[in-house]
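Construct all of the structure, not just a fragment, from the sequences and the given hints.
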Amino acid sequence: MTRNIPDKPQLEGLEAKWDARWESDGTYRFDPSKTREEIFAIDTPPPTVSGSLHMGSVFGYVQTDAHARYRRMAGKEVFYPMGWDDNGLPTERRVQNFYGVRCDPSLPYDRDFTPPGEPGDPPISISRRNFIELCHILTDEDEKVFENLWRTLGLSVDWKQTYATIDDHSQRTSQLAFLNNLARGEAYSQDAPVLWDIDFQTAVAQAELEDRERGGSYHRVAFHKPDGTPIYIETTRPELICSCVALVAHPDDERYQSLFGSSVTSPLFGVEVSVVAHELADPDKGTGVAMICTFGDTTDVIWWRELELPTRAVIQPDGRLQEETPTWLTGDAANVYSEIAGLFANQARRRMGEMLAESGDLDGEPRQIMHPVKFYEKGDRPLEIITSRQWYIRNGGRDDQLRKELLVRGEELDWIPNFMSVRYRHWVEGLTGDWLISRQRYFGVAIPLWYPVAADWSVDYENPIVPPDDRLPVDPSSETPDSFDESQRGQPGGFIGDPDIMDTWATSSLTPQIAGHWADDPDFFSRVFPMDIRPQGPEIIRTWLFSSTVRSHFEHGVLPWHTATINGWILDPERKKMSKSIGNVVTPMPLIEEYGPEAVRYWACNGRPGVDTAVDFGVMKIGRRLAIKILNASRFALGFSDTDVAPSAIFEPLDKAMLATLAETVVAATAAFDDYDYARALEITEKSFWSWTDNYVELVKARAYGAGEVAASAHAALHLALNVYLRLFAPFLPFVTEEVWSWWRDGSVHRSSWPGLDEFEGLTGDPAVFDAVSQVLGEIRRAKSDAKASMRAEVDSVRVTADGELIERAKQAEHDLLAAGRAASIDYEEGDFSVDAQLAQAAN
RNA sequence: GGGCGUUUAGCUCAGAUGGCUAGAGCACUGCCCUUACAAGGCAGGGGUCGGCGGUUCGAGUCCGUCAACGCCCACCA
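All the letters of the first sequence, read from the start, carry residue numbers 481 to 1324 under the working numbering.
There's no promise every hint is true.
[To be verified] The calculated PhoX-like cross-link candidates involving lysine-lysine, where the alpha carbons are at most 20 Å apart (straight line), are:
no., residue 1, residue 2
1, Lys624, Lys514
2, Lys1057, Lys858
3, Lys1181, Lys1101
4, Lys556, Lys514
5, Lys497, Lys624
6, Lys1109, Lys1181
7, Lys1109, Lys488
8, Lys556, Lys640
9, Lys1291, Lys1181
10, Lys1109, Lys1057
11, Lys640, Lys624
[Said to hold, decoys possible] Quick list of simulated restraints, FRET-style, between CB atoms:
no., residue 1, residue 2, range
12, Asp798, Glu885, 16 to 26 Å
13, Thr1043, Arg509, 43 to 53 Å
14, Ser1059, Pro603, 52 to 62 Å
Keep in mind the hints are simulated off the structure, nothing from the lab. Heads up, the beta-carbon is just placed ideally off N, CA and C, and yes, glycines get one too.
As structure tokens, this is what we get:
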């Protein structure tokens, strides 16, 4: 093929050129006719499209792409789909802010609704259907932004294999898996206390909790024994005294032995509560006696359940204390309650503090403390505990046998790096309950169930009406179950639809099943499942990785993948955690524009597997320099002849020595990749390449410019080496390697085969020849540098003092050495290593 | 309160199963426009490998301990 080498090769514009070519050529198209053994399947993380783009998004994806490219070149058919996680609360919140709307399910659908150009205040209330339409519109836009970023970065995904967690296929898969869980008893509903976000007004799962340090104040409050003597408790939530159902102390606490079994009355309300014993009560905290409320925190729930205490709840789903006076408060107590009815918890807390002070039941001033408070990770106010009916999937949190099985799955999984497995183990060991999957929200996959309504209007939650598989996906709030019609909705003898949706993890825990077409194409699924790798961030081991393991364990009885590659955490240039609130988030696009996509890829691939990595512009500059170097070195190597010179022309010792070191590089880089250590593969390749350009190319230059057999040997060696280096770099720098490849090769470098030792058969010599000559040349260069002379300076004579072996090797490439050093003559003497170079007079 | 990780040149980081004078790039100093590349090349200065203690003929590399930083988990009255 004719060579078309630009005079001044440029990096700019390569990504657009090659992205378009790869798409039109189908370079990364997946071939589903291959067998499972021939396929390498990747369970790509679907990015949350309503989240912001930042360097953390780039980091892991590029590392995975490098590995995908290696596997593809090494002969695997790579299944590399891309998904978008677009359902759930982040999208709802973004839609609310972006358009200035909020969802009110009681409103009718308005088919002519268009959102205002600018979000207004207060937000416009719209129907559930209008709201969901806006979610779709916005996520479509967000997905384009992500796809554009991935393509600019050169991710080698098959863009025909995409999915979104809200699309019909994902919904169908998610509902089908849920119904299977239900049929097998792995999913169940329960009316019980749950952690509840009062702003989003939804239940949240254990995996979505985080602790935040918040200020609070200990109120030392007196309850009263029958004889009127006070018994003090300390509480940070005096507003819940009206919800108090018991006092508790440790069974061994000597101070309270006489009280166990007796009753005391609460201050202000005069409600009689018993004093009970439980091991979780800590004698060292406060007075050693705690008030049990329904419910102030998760310990209350444990006490309430294990001690079988009554329920006296007052906190409503919106976070306010209920308006009506609770039935257990009568007389004066009702008057007291009217002071706090309808208030938010924090307001009621203040009012109760005042009233307790007035009544004399508050001992001293409240004591300020900092303490951890449970928050929904996306929420702004502390979680409350509300009793409500919710759906759960078993996860071992209440079942030791299942917990053990899931721990075994974690041990079966090959973790890269290995220490990440500890996080899985700790999480599973620490589970306190099953996985709460229902959410009282709108934009998500519906719980695909209806419930019969009895003649007395009661709802039979224990016997849900299940749709047949072929109806999925269904929306029970707008569709009717078979053998009913819409007029029976909410009527005695009729049905109601489950109003809830599933948590986003309930769907994204099925990404292998979604991408692999489990629900509809068993043949396709059998070719990609279980997948080879699950690449992901460390922060979602407890959610995505664990929940995927649970689903696959139930549905298929196996791990969903063989290997989990966990990338490190991304820090800002000052090594601080990036966060929106601090305002130090680094977005990738400006960096890609400044340094080029290859430079950003180079930075990402320099981060060791699982190691936290700071955004580093210096590393990006090096990557850019490397890419430019490849262009220029390629121009040199290909500039000598218009056609390939066959490797059989190679006979010069220096050329064969260079190829021997290159063969070593290939072996080492391949081993590193097989170990999932892309960073090591890059380092090995890069080091070898710079040595090649700085030493070999300089040494061979003069001979290459000449003619005859010795020149042909150089040309052939340059061609072969370049051919190998381009392929070694292709996983990291896909654009520049493809560009150079196109100058002289047919097809794509990314579909060429990974270099192997067979290509060096009969072409390798003694690698030490290369080292020996480089060492002597280095000394000649030093002599010129010391003399402040140009590297072109002529040298009259060189005397090499060295051991016999080194001398023998230097002699093999003596003509190259003399030419590169511009030396007229060289002689040798055995002894300790030194080189004496006599510069010609003209040199100065 | 537990667990995991990190701590190597001014900066960012490599240093697998312990073994010759501890490496790279950036930054810094000097020199060089050499027909692939000045967006480059050559040469050079710079490190008590977090502290302490141990194992060993020998430790940045193994063990113990302490410290700082980061992350994860925790029943937070």
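Hint-by-hint comparison with the structure:
no.	hint	in the structure
1	Lys624 to Lys514	30 Å, violated
2	Lys1057 to Lys858	17 Å, holds
3	Lys1181 to Lys1101	28 Å, violated
4	Lys556 to Lys514	9 Å, holds
5	Lys497 to Lys624	19 Å, holds
6	Lys1109 to Lys1181	16 Å, holds
7	Lys1109 to Lys488	12 Å, holds
8	Lys556 to Lys640	19 Å, holds
9	Lys1291 to Lys1181	18 Å, holds
10	Lys1109 to Lys1057	34 Å, violated
11	Lys640 to Lys624	14 Å, holds
12	Asp798 to Glu885: 16 to 26 Å	40 Å, violated
13	Thr1043 to Arg509: 43 to 53 Å	24 Å, violated
14	Ser1059 to Pro603: 52 to 62 Å	26 Å, violated
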